[in-house]
Amino acid sequence: MPAWLSPLIAPFVVLNVVIGLVTYVTLLERKFAARMQSRIGPYRVGPHGLLQPIADAIKLMMKEDIIPRVADRRVFNLAPVVFLVPCMLIFATLPFAPGLGVADLNIGILFFVAVSSMEIVGLFMAGWGSNNKYALLSAMRAVNQIISYDLPFIFAALVPVMLAGSLKLSDIASAQQGLWFVFYPVIGQLAFLAFVVSTLAAENRVPFDILEAESELVAGFRVEYSGMKFALIQLGEYAHIVGSSMLGAVLFLGAWAGPGPEWLGPVWLLLKAMFLFLLFTWVRWSFVRIRVDQILALSWKVLLPATLMLLVTTAVVVVWRTAGV
Amino acid sequence: MSEVDTSVKTVVRAVTRAMWVTFANLFRTPVTVHYPDKTRTLPDRYRGLLALVYEKDTGEEACIGCRLCEYVCPPAVIKVEMLKTPARNYAKTFTLELYACEFCELCVQVCPTDAIVMMKSFDMATSDRRDMLLDKDRLHALGMHYERSWATGSLLRNMQGPPKMARAEEHAKPAGGEA
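The listed protein sequences derive, respectively, from chains A and B.
Residue numbers for the first sequence follow numbering that gives the first Met the number 0, so the first one is 0 and each next one is one higher.
Residue numbers for the second sequence follow numbering that gives the first Met the number 0, so the first one is 0 and each next one is one higher.
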């Protein structure tokens, strides 16, 4: 294989795997949610509903594509793509195994955080372009919330960075081959908790889902979308959740560390990411939505000072330990 | 607002309890019944499809065309015409517009001969409204086809009313006292 070919093939493979994964993650979530409510979830399409995501995809592709007459057509049509691209780009820096990944940047975590925040542009375009007051309200709430929760998210993600002493995700992962950062005494658990909470908020999952609050805003910023554009937005959202779960697995759960031969590494990473995803789903079905002011208060009054303190403590611990050694 | 307890202890306990409830339910057997493949046993007092029945001993139509059900029906979906004969009366026509029926069971309760009954069935889905306009023959056919709900009509009435024996004794008492 010529050297120039691999940068073309790797993204292609990763992109397709991610799309397939994301499609089936929806089934996983539906099944899991159903069992939590003593239901069985999708069951009729294929054995135990295994073909349900494919049926859903076909249904969405065949649906009529409706553009509201008063919508800003260009912004409206562009928004799903602008939304989807950052959500897919976040997989670029994730290391799936030692040396296996699209681009193992030396500022991997920075790239992840920067790109994943860019989805807000597409989201606001969707809300604005729809020319619908509910969509606009939702988009404004989303901007409000995601900007508020990016700081605690970054601070929580910086704790493993400091412990590992590198911004490179593969370095962070290999630094945990002995001790996963989630098991690092006190600091690890607190950082993991902060990471989970701020990820939930950044993904707009229940209990932080004010932007798509079903009882007031129907579907939020995507209320006017239908057919394939709706599918793109859903795909982007789930891709973002899966990407964040994978980041959590890399940062806190030791990435590919696990028993078995080395080639099982990506499987372990996937299992850990799915564990995180199920944790998010579990939280989703356990709590009710909280108010806008409560969400912002939690971010600015609790999580931000707490993660800052945690970061300072981590710095002290790291310096003390390296000086001690 | 200020009375809400937001201490760490309370929040942790609340979060743990909420998560525990969903977690415990995760391992329960789902209550879902795969409907077209399996059907639930309907309760004995199920208010389902309406039908007319024949008398068990003689095999004659039980309906005497008294039109009580027509009078009592709140949405007025029952239309009956009486056919007078020397021995007993019959319903000449009996139509029931099931598409407007509200399944209140009043017709079943007023029927003096328990001719109109409710069936243990909800298989009424159709794409044609005319399928829901039931005449006498179709009501009889439904009565033959489905299982009958248990406590309808006079059965229910007798069950809800004062016990018959006790009342008979009550009437007998003054007579017995005089004797």
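Keep in mind that the hints were calculated from the coordinates and are not lab data.
Note that the structure is a prediction, hence the values are computed from the model and not measured.
Each hint should be verified, as a subset may be incorrect.
[To be verified] A few chain A residues that face chain B, going by a derived Cβ cut-off under 10 Å, partial list only:
1. G40
2. S116
3. W284
4. S285
[Stated by the list, open to error] Only pairs whose alpha carbons sit at most 25 Å apart, straight line, appear in this in silico DSS-like list of lysine-lysine:
5. A:K132 to A:K167
6. B:K135 to B:K78
7. B:K91 to B:K55
8. B:K8 to A:K300
9. B:K91 to B:K37
10. B:K8 to A:K30
[Said to hold, decoys possible] Incomplete in silico selection of chain B near chain A, CB under 10 Å:
11. V20
12. L25
13. F26
14. R27
15. T28
16. P29
17. T84
18. Y98
19. F102
Ideal Cβ positions, reconstructed from N, Cα and C, are used throughout, including at glycine.
Going back to the hint list, which numbers does this structure go against?
-> 2, 5, 9, 10, 17, 18, 19
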